[in-house]
Amino acid sequence: EPEVTQTPSHQVTQMGQEVILRCVPISNHLYFYWYRQILGQKVEFLVSFYNNEISEKSEIFDDQFSVERPDGSNFTLKIRSTKLEDSAMYFCASLRDQGRETQYFGPGTRLLVL
Amino acid sequence: GEDVEQSLFLSVREGDSSVINCTYTDSSSTYLYWYKQEPGAGLQLLTYIFSNMDMKQDQRLTVLLNKKDKHLSLRIADTQTGDSAIYFCARNQAGTALIFGKGTTLSVSS
Numbered sequence: 064e065p066e067v068t069q070t071p072s073h074q075v076t077q078m079g080q081e082v083i084l085r086c087v088p089i090s091n092h093l094y095f096y097w098y099r100q101i102l103g104q105k106v107e108f109l110v111s112f113y114n115n116e117i118s119e120k121s122e123i124f125d126d127q128f129s130v131e132r133p134d135g136s137n138f139t140l141k142i143r144s145t146k147l148e149d150s151a152m153y154f155c156a157s158l159r160d161q162g163r164e165t166q167y168f169g170p171g172t173r174l175l176v177l
Numbered sequence: 782g783e784d785v786e787q788s789l790f791l792s793v794r795e796g797d798s799s800v801i802n803c804t805y806t807d808s809s810s811t812y813l814y815w816y817k818q819e820p821g822a823g824l825q826l827l828t829y830i831f832s833n834m835d836m837k838q839d840q841r842l843t844v845l846l847n848k849k850d851k852h853l854s855l856r857i858a859d860t861q862t863g864d865s866a867i868y869f870c871a872r873n874q875a876g877t878a879l880i881f882g883k884g885t886t887l888s889v890s891s
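Chains S and F supply the protein sequences, listed in that same order.
Going letter by letter, the first sequence gives residues 64 to 177 in the working numbering.
Going letter by letter, the second sequence gives residues 782 to 891 in the working numbering.
Worth flagging that the hints you see were computed from the coordinates, not collected in a lab.
Built from N, CA and C at the ideal position, the CB exists for glycine as well.
Watch out, some of these pointers could steer you wrong.
What the hints assert, rightly or not - With a cut-off of at most 16 Å between alpha-carbon atoms, the simulated EDC-like pairs for lysine to aspartate or glutamate come out as follows: (1) S:105 - F:819; (2) F:883 - S:107; (3) S:105 - F:784; (4) S:141 - S:126.
What the hints assert, rightly or not - Which residues of chain F face chain S? A partial, calculated answer using Cβ under 8 Å: (5) 823; (6) 824; (7) 826; (8) 829; (9) 866; (10) 869; (11) 878; (12) 881; (13) 882; (14) 883; (15) 884.
As the list claims (entries may be wrong) - A few chain F residues facing chain S, derived, Cβ under 10 Å: (16) 785; (17) 788; (18) 792; (19) 805; (20) 812; (21) 816; (22) 818; (23) 821; (24) 822; (25) 825; (26) 871; (27) 879; (28) 880.
Using the sequences and the hints given, assemble the complete structure.
Below, the structure is given as structure tokens:
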């Protein structure tokens with residue numbers, strides 16, 4: 064069964080450094096999402112992406128964040144200058160089309176900012 | 782208050798039924814979901830229900846939706862130790878961002 068994959072599974076970085084989290088959505092899916100989960104808290108929406116542009120974003124998704132689909136398979140989340148509070152699990156999800164109900168989630172990248 | 786609310790903990794004995802409850806505020810929600818998260822793992826979609834349905838059954842799982850009260854529940858029959866996890870209620874409109882509750886930690890003792 065096709066699945067969403069994410070790399071790396073874990074990343075440790077110093078405060079102020081840039082990080083890029085990578086996701087490979089399911090191949091025929093058209094909508095892509097990033098969510099994050101701070102340890103012990105609920106999963107929060109960051110951004111959705113469709114047709115090579117952001118379709119929706121939350122208050123969390125400020126100027127420090129950006130997303131890109133650099134080729135036909137990868138979907139990336141970049142954090143320009145990481146802060147301690149960016150430490151979280153970041154989940155990528157994809158959806159076949161808007162008429163479908165199910166977003167498929169990747170296994171997540173655990174980001175630790177020191 | 783929170784958009785999607787859940788009780789934080791539930792403890793049951795193996796073999797009993799578990800009922801996890803969720804309330805939400807946005808009546809325009811099209812779909813309501815239950816996700817399972819095991820320790821250190823990602824989010825596994827367990828089941829979902831379309832807002833015009835009252836009930837959905839899938840093997841040991843039964844989802845009940847009371848749209849008038851904006852109340853969703855997940856019943857797990859014959860709960861097993863492998864069901865121990867965090868269960869998240871979530872809602873959205875088709876294709877839009879999922880809004881999650883804080884999760885209910887289910888602890889199953891043998």
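Could you check the structure against the hints above and give me the numbers of any it violates, in ascending order?
9, 17, 18, 19
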